[in-house]
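Each chain, letter by letter, is given below.
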Amino acid sequence: MGETIRIAIVGSGPAGLSAAAHAAKLGLSHVLLEKTSHLSDTIYKYQKGKHVMATPSQLVLRSDLDFDAGKREVVLGTWDSMTAGHKVNVKYNAEVKSIAGTGAPIPGSIQKIVTRKRDGTSETKELQRNAPPYKLTLTNGEEIVADTVILAIGTQGNPNLTACPGGDLPHIQYQLDDPAEYNDEHIFVIGGGDAGIENALGLAADAAQGNIVSLVNRGAEFSTAKDANVKALFAARDAGRISIMTETTPRSIEAGWVTLDTRDGEVRAQCDRMIARMGSAPPRGFVEACGVEFASNDRLAFPKLSATFESTAPGIYVTGALAGYPLIKHCMNQGHDVVEFVNGNTDLKPADEPILEAKFAGLPGNRSVADWLDYLRVNVSILNAMSALQMREFMLDSEARLYRAGDVIFERNAPGSSLFGIADGQVLVEVNPDDPSITVPIGAGSIFGEVGLISGRRRGATVRAGADCVLVEISRSAALKLMSAVPPAAREITRITTERSLLQIFKSGLTPADLTAVIASAKVETIRAGQTIIKEGETGDDIFIIRSGSMVVEKSIGGKPVFLNYVPAGSYVGEMAVIDGGPRVATVRAAVKSDVIRLSGDSFRALLAAKPGLSARLRDDMATRTQLNSFIESKKDSFGGVVDMYTGVANFLVDNGVGEATDVLLIDEKLCVGCDNCEKACADTHDGLSRLDREAGRTYAHLHVPTSCRHCEHPHCMADCPPNAIHRGATGEVYIDDTCIGCGNCQRNCPYGVIRMDKVPPKKPWLISWLLFGQGPGPGEPDKKWSYEHTKKGVETPKKAIKCDMCTGQSGGPACVRACPTGAAIRVSPEQFLSVALLDRGGD
Amino acid sequence: MSFVVRQIAKRADGGDIIRTRTLDAAEITIGRGTDCDIQLPDLGVMLRHARLSQLLDGTVAIEATGGIPLEINGQFVSRADLDVSGNPAIDIASHRLTLGRGETPGAIAITAERVIAASDSADADAETGIFSLKETMPSKRSLAWGLALLILVTCLALPLWLMSSRSADLPAEMVAAAAHPPATASRLVPVNATPVADKGSMKPDIVWSSGALSTAHAGLSNNCGACHQAAFVSVTDSACAACHKPESTPDHAAHDRMERGRLASTGLIAEVHKGLNLPEGRCASCHKEHEGPNGALMVATSFCTDCHTGLSTRLRDTKIANVPGWDKHPQFSPTIVATPSLKNPLFQRVSLGTKPHENSGLVYPHDIHQSATNAVTNMALKQGLPTKDGALGCNYCHQPDSDGVRFKQISMEDNCAACHDLAFASDGGVVRTLPHGKPQQVAGIVRDFYLSQALSPRAGVQRLAFERRQVGRMAELEAADLRITSVGDARARGDKAIAAIFSKGGVCADCHGIANTGASNMAERYAIEPVTLADHYLPKGSFPHNKHLTYDGKTGDAACIACHKGATTSKLSSDLLLPSVSQCRDCHGASKPLIGPVTKVSGSCNTCHGFHYGKGGQGGDNGVPVGHTPVATIPKVADADRAIPDRRTLALVDR
Amino acid sequence: MSMRARTGKAIKRAPRDTAHEGFLTHARSRWLKIAAAISILAIIAYEMVDQQPRANGGTALGYTLGTIGALMIVWLSLIGLRKRIITSRPFSLKAWTSAHVYLGLSLIVIGTLHTGFQLGWNVHTLAYVLMMFVILSGIYGIIVYARLPEQLSANRNEATQPQMLEAIRALDRQLDTAAQPLGKDEADIVRLSLEETDIGGNLWQRLTGRQPNCGTARARDAVQVRVNAQMRTGKPDQRLTQILFLLERKDAALAQARRHIRMKTQLEIWLYIHVPATIALLAALTAHILSVFLYW
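Chains as they are written, first to last, in my numbering: chain A, 1 to 844; chain B, 1001 to 1655; chain C, 2001 to 2296.
Honestly, the hints are just simulated from the structure, not real lab data.
What you are looking at is a predicted structure, and each value in this text was computed from that prediction instead of being measured.
Any given hint could turn out to be false.
Unchecked claim - Computed cross-link-like contacts, SDA-like style, restricted to lysine to any residue with a CA-CA straight-line distance of at most 25 Å:
#1 Lys1010(B) - Asp206(A)
#2 Lys48(A) - Leu76(A)
#3 Lys1140(B) - Thr1111(B)
#4 Lys1140(B) - Asp206(A)
#5 Lys117(A) - Asp194(A)
#6 Lys231(A) - Ala2170(C)
#7 Lys1140(B) - Leu1152(B)
#8 Lys792(A) - Asp194(A)
#9 Lys1134(B) - Arg2084(C)
#10 Lys71(A) - Ala207(A)
#11 Lys231(A) - Gln2256(C)
#12 Lys784(A) - Arg2084(C)
#13 Lys1134(B) - Gly778(A)
#14 Lys359(A) - Gly279(A)
#15 Lys2184(C) - Val1115(B)
#16 Lys1203(B) - Trp2296(C)
Unchecked claim - Coverage of chain C stretches by chain A, computed from C-beta distances (three or more under 8 Å per stretch; other residues unrestricted):
#17 2022–2036
#18 2076–2084
#19 2092–2106
Ideal Cβ placement from N, Cα and C applies to all residues, glycine included.
Generate the whole structure from the sequences, applying the supplied hints.
Laid out in structure tokens, this is it:
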């Protein structure tokens, strides 16, 4: 195969397909390389009948393939037929092993590839880029030469393969589509992650299938798996349905048999099928090896791309999820666009142009979208390093607004995790809540609101526009992307945060100038949950400011650790040692994964010397804390039982994630009669679906933490939401808006299992007709059977992610609490609840 | 020779798992044991349950080896030859084996499948129901409906149906009874003293009864319709009047005066009454029923005082005082004799507060007659009159009348004559007495006596002197006095004697005032002042003396005197010895005290007063002194209130 | 698309009751005080006012008490709706319950004074009796609501109801497999446990939580006997001891489930009297009031 193809498209996902289809339409010579035997593997792997969404709705689709929200089968069907219709040249089972330029080495174009190892060390490899055309080598040895390569391989990556001999035998598979299709087999599932456990449970669920399932895990614990999954696994083990082999690895595999290395020696067992779920390697390694450079070493980082999606390797284009566009529509449009670019049409406007136009519509001085983007990039310091393409993507979930002098941008205690950049004008920060007239100006080019972003807590001060100003509000997700994509931006934000949080915490007339020394000494450290930063009795005089997460202060009294205090983000610990110079009086450990700013004692002592007002202030704070300590100690002497109970409860709550919560539902099981009115109320106020499971969840001393959303400070669910549909609402609640595409990422990411995927049940008959004549399922969530019988047939209702929205918009507050007849259910914030007030509870 | 075994297992989600094996053997075993060719994992199956052997083509022999007979097409057998073409079914515990021809010739197809689901195959959702009572109890809804309907039917629908089906008018026999001639009995008892009522069977609307009827109405207990004639219409007077004829229960006063006198309620109360359709002034307004045995007659004092408080403001021309209540009951105003007269005595209502004196025309000092130590006592003893430790008892003169409420008329003959006989001469054994109440005849008799003695004196005839004989004067002197020298002389003596009888110290003057007309004719010269004795001082109330025979621990005369104070010391008959209202209040309490039990006996209006007296009765405000004999003519009495007794009478009284 | 998140306003969160008080002490037992005041007022009025001809529903005070009582009954019965109609407007079912409990109790006073202690065989007394019936069942309810939850959660020990059942089902499966190799009569013993175990049982068994002749218990005893016998002769049958072990575990699991059921039943049973009796009371009340005006 000598001749060179114009375009080689790797990956037949929405982006790749669309690109290939357009190439075919334009009559460009092309090949679409798909590693599996079918198109669009990711969507192909959706469970049967899953409803695929088409968001953002306002985005026009400019691909040659049709795409509309609908069942998985329909979507795939359309694409298959249309691909055939466009005579796209598809090569199945063609997995690309490597891509390398065949042309002359490009002078000065050397790529550094940094690979981090498990132990934290990292090694750097250097790679000389060569000019196109590129040679694509397939796993089966076949080679393809193409002028341009479009990488549309998505982020899924390849499953880690079994390394042991016989790892390539046919009865070894890396995924499980339908557990029901295997009977009477000896099946080994390798890997103790959620995927492995879920597969194993699925295979063993039905005794009738007669499968003999064993789960093999390298480690002794199932640390990476979700709690619920592990529970279920052990239950199955106890029920004799699954055998678990921990600290075990497969040694060799042959037809019908497997040999395993276990802690106590080699084991040979019958094995008709092996399902290896050992995680998957992100495509980054492969992509970098192609000469494509990434924005940073951050996990979330994406390749550096030009405005035409061209990577740092000339002629290699990156589109789709890999380029940072998780939504199908985006991908398809890019596939189309990138082919246009390759074809020389460089002044093609991206499809999201109208969306951006709408965003800038409200601003004075009619600039074009491109001009606006450039204007912002140049004027806001943290955006300087961004590429045009990044700016586009960035603006998609940011807002640019004009504020007139005096307008309030946000108020103190308003929830908000967005970051503001000042493109023009200046804003005033009201540093003293009692006296709005005292303000600190922040000038053009700088940013504000970063505390909300970092700590995930409410705004610390009211900010208004000093002069007419143009601000860009950067949503949390955009800001996080920015920080991972543009390291300098990240550094700048950190610096400002440190400075500002210092100023905010120790007010008393400090100026940035006073702090230079301290900030120079400041180090940002990430603390694992449970890790201690201060140990009682040790010497040490560093001061810690909690940027994010929260801490627990303990003191050992009579040999037992006693819970003293819960310290939320935005406050500081460790000042006592600096002031009275003694050893640490209490232990401070992280309640949840937290970031702290460590300030060296010396620099701080210098600051104190310079600023008597500050030390006075610190002494006050210290006095109150010492009071608390002595109070609890006195209690301890009189009724130790109470304090132990108090400590127990407090620790229990912290262990159950109350530490990172902003608002958590607790049930006092001394009062709960189990009427489930809370669940019913929840369902009835949220179109028939309950967001809360009262019974499930941990209990300690009759204090029950049901599975319901805690509205975390840094919501895990927000981490990976393709349509970015999860937000923090005006009253601090974390909610999912109706752009949800039902991908289930949030459900997987939530460590507390409070998000469920479900479809809205049909309307129930009038309550009275149930009361009087028993029509319908009655209050609360209708049972599956009823819902199934009463849904309109043929109407496609998508499954969406649903979670507690704290009943926003309901003047009465959360329905679960309102509907509790006995007052067992209470919704509290940890500061409210993790306080000495608990002592009283311990008392009764 | 082979068996094709298809074992069908059910998947939890409903699907089938079919496992097919071919056994090349002429004989296979069936059972729970792992060594069986067809293993049925079912505890109901024996370890080795049966043996299946192929005979010639198309027939098999099955034989129970586990000691339990096999169920083949419904019959229990321990061994059987089966023709597979008929697809026979063998039931073993909860499994079924169906035989049939296999595809390959000579092969027998056996389908084994569980036909009775295993215990744990029940789906979880359904089973969680066992934690609630839903399956165990009838639903609250059905219970509620059942009870509610039961109650609504028995306690609402049935009575309603009865009501609607019933004619509104009274039972015939009751109306008939009502037409009986007026009863001669007391005026307050209904016309037909024994109410004829439908004592018939219990009716469903009995459940609406709010309590027992009064004894008088007990007969109506099963006949709600008798009074409750129309729905939502409060019991009307017509219902009552059917039996209680107006003539038997006359109005309290003239209807128009009643209307004007009534204190019409205003504001909320009136609204409530109007809204609830409760017109005032009905019989039922005062006479509440369903209040137990004597409910109907327990009339609240308030019902009287409502009107009588400040009555004068509404009924300007009334003559009766306002009575806010027993506590403020005005002082008694007895009707006393102002001017005695044989024809038409004048009566007058005077409040006891003004310490009034009565002028009965009679001279009667109570003290003398009540003394236990004077001549009256001796006389009484001599005459053998009833005395209590010497003194003359009250009831010698004041004798209770038939019903013991009041007293008989006092008459000269019954109450005085025993001592005050009018004897003036003895003729041998015969004592001649003067007639009472006939002055002219007295004069005549005396004169004739003297004249006859002058003309033809007889022995044994002796003049009895009313005045005591002087000491030492002898009878013959007396007799000699009668001896007449001449007729003229006799006339003179006669006249002297007449004058003596009528004038002070004379027998008449003991009790009567006497007027000297100065007529030349002796027979007409002296006139007896008229006497009128009041026989009912408080005619508007009734005081049952017989209920007060003991008072404050005293009995007999002591009891009388306890109230009628001063009866033993009164020197003049003009003294009015009536107790004042405060006397009654000693025992008769006002309305119930705010807190604590009632200490005094009832002081309600109807203790003394009646209501249904009507015109000419004691009711109303027409001030008729009822029951006085002779019943004076009404018109005169009207001004009697203002009449002043003429000077003559006064003089007499003062004397 | 999500302007909700974009406003900088510090929106006051809807006021909510975070006070950690039970329904009996809600708002520093506000309703207890109110109810007590009402009752005392009623008693004083009853003592003070001179009711003619005698105290009962027919006097002015009687009608007043009656009206108040009737209104209260209707309002109290509305809690059945309130707890199910979850409007967005602020309301606290806890407050309602608190009021429901205490005002309900004060009805004892008001209702009784309304009767003037005159009872008879009529619809009026029926209504009264039903009312007292409802209140008494309510009092029972208060008692169990106050006492049981703690035990309930202790017994549940973080296990949910489905989990309890699943545990038993799992043991059944294990028993079934463990019994496969056994002979008939031993298999039959196991079947006793598998087929003749009713977790819930009839009402009485639920209330007491006892099922003396539960299949599992019988099976366990029978197996125990055999095992003991074998012990005497020598080593017991491994399979039997395994089954005995399983049966004992199942017995324990059943015990927990039945304790749970017992308490749930006790928490629930009174409503089967309270609610229907309330509806019946409303019916009787209607009849009572109507009849008074029908036979005015």
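Evaluation of the provided hints:
no. : hint                    : verdict
1   : Lys1010(B) - Asp206(A)  : holds (10 Å)
2   : Lys48(A) - Leu76(A)     : holds (12 Å)
3   : Lys1140(B) - Thr1111(B) : violated (48 Å)
4   : Lys1140(B) - Asp206(A)  : violated (38 Å)
5   : Lys117(A) - Asp194(A)   : holds (23 Å)
6   : Lys231(A) - Ala2170(C)  : holds (15 Å)
7   : Lys1140(B) - Leu1152(B) : holds (18 Å)
8   : Lys792(A) - Asp194(A)   : violated (35 Å)
9   : Lys1134(B) - Arg2084(C) : holds (18 Å)
10  : Lys71(A) - Ala207(A)    : violated (31 Å)
11  : Lys231(A) - Gln2256(C)  : holds (20 Å)
12  : Lys784(A) - Arg2084(C)  : holds (20 Å)
13  : Lys1134(B) - Gly778(A)  : holds (13 Å)
14  : Lys359(A) - Gly279(A)   : violated (40 Å)
15  : Lys2184(C) - Val1115(B) : holds (21 Å)
16  : Lys1203(B) - Trp2296(C) : holds (18 Å)
17  : 2022–2036               : holds (count 3)
18  : 2076–2084               : holds (count 4)
19  : 2092–2106               : holds (count 5)
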